[in-house]
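Respectively, the protein sequence lines represent chains B and V. Per the numbering used here, numbering through the first sequence is continuous, rising by one, with the last residue being 193. Per the numbering used here, numbering through the second sequence is continuous, rising by one, with the last residue being 2062.
It is possible that part of the hints are untrue.
[Stated by the list, open to error] Lysine-lysine pairs mimicking DSS-like chemistry, simulated, CA-CA at most 30 angstroms apart:
(1) Lys1971(V) with Lys123(B)
(2) Lys1893(V) with Lys112(B)
(3) Lys2025(V) with Lys1971(V)
(4) Lys148(B) with Lys1893(V)
(5) Lys1893(V) with Lys85(B)
Hints are computed from structural coordinates only; laboratory data are not their basis. Here the structure is a predicted model, which means the values were calculated and not measured.
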Amino acid sequence: MPDKSQPNLFGDRVLCPDVQNLPLIVSATSNHCEVLAPGSVYQPLLLDQQGSGVVSGPGALNREEEKFVRDLITYLYPKKDYPKAASTPLVWGKRKIWLKRNIEKDARSFRLRVDSSDWYYPDFVIWMRKIVRKPSGSLIRKASRSAHMRVGANIKSFPPKSLRTSYPRRLVQSL
Amino acid sequence: MASGHARLKKALVLRDVLAHELGLDLPAVMRGLSTVEDTMTADLAMSDGNYLAQLESLCRGDASLLTEADQAVRAACQTVKLAPRYAQYLSLILFAHWQKCRSTDEGAFIERLNAFLTEWAKNNRSETITPFTADDLQFGAFWMATGSGKTHVLHACIAMLHAAGTWDRTILITPSENLSRQHADKLRETKAFDVFAYPMDGDASSLGRLHPDTVIVVDINKLAETKKGDGVTLPTSVFRDGRNLVFVDEGHKGQRSEESVWKKLQSDLAGIGDSQPDHRGMLIEFSATFGQVAEAEATFGRYAKAIMLDYAYDRFHADLYGKDFWNVKLDGHQEMTEEVQHTTLTAALIAYWYQLSSFGKSNVQKQIKDRGLRIAKPLWVLLGLSVIGGKNAGDKEQTSDVIDVLRYLDRALSEDDFIAEGVTHVLDAARQGSSLLPKVVNDGVQGMSAAAIQARILNDVFGWQEGDVPLFRVLKTSPGEMGLGLRRGDSVHYYGVVNVGDVKGLKNGLEAASLEIEDDAFTPSLFADLELANSGVNLLIGSRRFAEGWDNYRASSLTLLRLGQNEGSLIIQMFGRVVRFAGTNGNGKRLREITGDLAALQTAFVFGLKSRYLQAFLAGLFENGIGEKTRTVCDVDDWLPETPALLSIKAVGPQQNAFLVDLRDAKWLQSVNKVVVSYAAGIATARIGRDGLDENAARVGGDVTAEFKQTVHLLDMDSIYSDLVQWKALGKRWNIRFDRTSARIALQSGPYEVWALPGFCSVQSRQDIQRLQIAASTVVRKLFESAYRKIEAKHSSYEIIGASECGIPSQYFKEITNA
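Produce the entire structure from the sequences given, and follow the hints as far as they go.
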């Protein structure tokens, strides 16, 4: 169904919503086209609502991709204390995490040459940074700035095993 | 740019001001009245005062205005014996209020209208509406879908206006003589009016003797400013000197050059803007396609200030009126046209047969009876808007399409397994997840073999018996008809009829296609036979005549023949014919949440013989608000952290001079990944229901690689090499080396697959070789590209960039389909 929060019986006006007030992506029952995804480096994320009469883009998430983001956030915040403020990362133990929905067929997006195929665009890019605790108790961030990049090197350790099956292509960058 | 429909909808200021004065929030009121109608049925909703009670409960203003309007509507409806549906009632309520305000204190009403317009314009900047004037109050309009009962509303308006004042004449202008007859008959049925249909009921001299309240029905083609010749043309001077009440039903139809003349005639007859008060009458216009009219005439403001309520197809259909609608588009490569057409026709034939078969089942008939449904025997209509046999380019294209269909039918009825082979392709595609059939049909044929389906189709659709021979015959007793029949000994059984504009033109086309055509001097009209309950005629191949005047509920499956662009108002009429549905006890509504055979009977299946016809058809529907798409662009919020600054990676391809791709050594094939070249046809299906447009896309075809490789020795390798050299030059790939042998080896032993519809690799003509030649060039090119990319990838490098440069979109879009 077209978004019932934006009804207009006689007209065709569809509003641009206030991003801050969008529903979070943590519910599987959401039938919204746009959602607020904690930890995402841009908002909103879009959901592909097949059969609803609503098409959105770029980068609308299919069901598997949507499930990955939803499960990641709900796994990290089982007590539902999701961060919702702008620029606020997700936190996983001693790491801060930012998520980017990678847009396909855009030369600016992250892409790789793999084999003889055309460009390979991962579905997501994830940044992780270690948080180091000073002896005084205040936090400092320590980025792993190794000289070479470890593209995909952390896939084995992240996301956690419980989230790893049947998810879409993703890539962890640790820069 | 929004369609005319969407633009006009947004500009309906008169509708908004009337609702405002009555204290009504229209969306809420429409929902409420619709519920009342569903609960009480239209018969009781007004007579028991339930519509009024609902309006009063939702009214945020002076409810006495509603009571007054309801009284006027009730009296008018009683006069014409109308039990209004909710949209008819609401239209008439708004009209009654408009009529009362303009007749009691015109000056004060204009002031209120303009005060509202000033405020309204602040929130509706897309259209500029000029202030209301006294002339605007002489013009009213009803925007109502065909089938939503606009004729009855028209009758009620006549009754209301006759009760409210005196007029010197009442004139109803129709688009054609045929529709004049229909209007006159329906007016007479009410027993409320004297009716004079011109020229059927008398000549021009009779007009002067008529009572002022007599409704004069005349079609627009008979009206002219001055008398022309000795024919039936009626000069408008015969209606001069007086205050005329003029109604126009679909008055915009016709040639574009004539439309402006017609508009002026209508306006002059109603005395709009006339300086003499006793010559200032009223013009009330009815149409299902005002959006397109306003767009064509650039008169959005004129209609925005005249339309009482919009109840066009989008809302009508969303209210469950008419059949559901499902279509499929099979979009094959041009060189596969015949296969694509045959596959489309076979799918359409199976879908139609399923409707016919469902209709014949005793349990379905019982359900129809128990639910009080009125469902006519399904009919497969193959329809275009041009003249079959005619001479212009559109006519010739439509004739060619008809001949293709007739050739298909001839083979279907004379070759043993022709239908079964087509059915096999369609069922195979369905098994691969690319169904050309609606789900209800797909489910229904589960477990049936292709041979069994063929046998049922031959029996049920064509009435075919062993030994029958297909034939085409021109019916001499019924001009413009050609019968589709089966010779059975000395007799002929007709299963279909073609509505031909020019028999000679069609005959020439059939002879060129080696199809014989005979004459039949005795058989009466098969077109008339379609109306009979036990008619054995199941196919109608038709043209514009069907779209305009046929009053019948049988059409259930539509296969589109030639359809051009910009035929929107005719397309919407064509759509109206096919989705027409009598519903339960004649309420016109389809049942909610129905599955199985009944669902097949309340859904119109639409196929396009060529995919562009379906595109034109859907575009016509979109222009009228059915499945209309609205695109909105919104800003993306960047939530990148400032600190720490995130970094990303940018891939950089190598310079061309940094690497060389040499394909002259056969070993290059060993490291190339498999490529797939698909000549399968794309299928797009769409269903418009209450929940919007549900579109799906898939492909149909199979792996024909083995057959393809067997044809390689027939191909011209020089030509393929030439194509590849051209590809290299166009792409400026100076660093790739290959020769004829590279191409030949790639075709013989390269890792590739070719997917296509059956018949792709058969070689019977020069065109077939050309088709395979193109496919071979494509295969080799893709293998070369794959090899090129593989080596290029080895030389690619990566740079570190700031995350803000890594392709975060600045905007996103939403496209919403309003059904």
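Evaluated hints:
no.	hint	in the structure
1	Lys1971(V) with Lys123(B)	holds, 23 angstroms
2	Lys1893(V) with Lys112(B)	holds, 28 angstroms
3	Lys2025(V) with Lys1971(V)	holds, 12 angstroms
4	Lys148(B) with Lys1893(V)	holds, 23 angstroms
5	Lys1893(V) with Lys85(B)	holds, 28 angstroms
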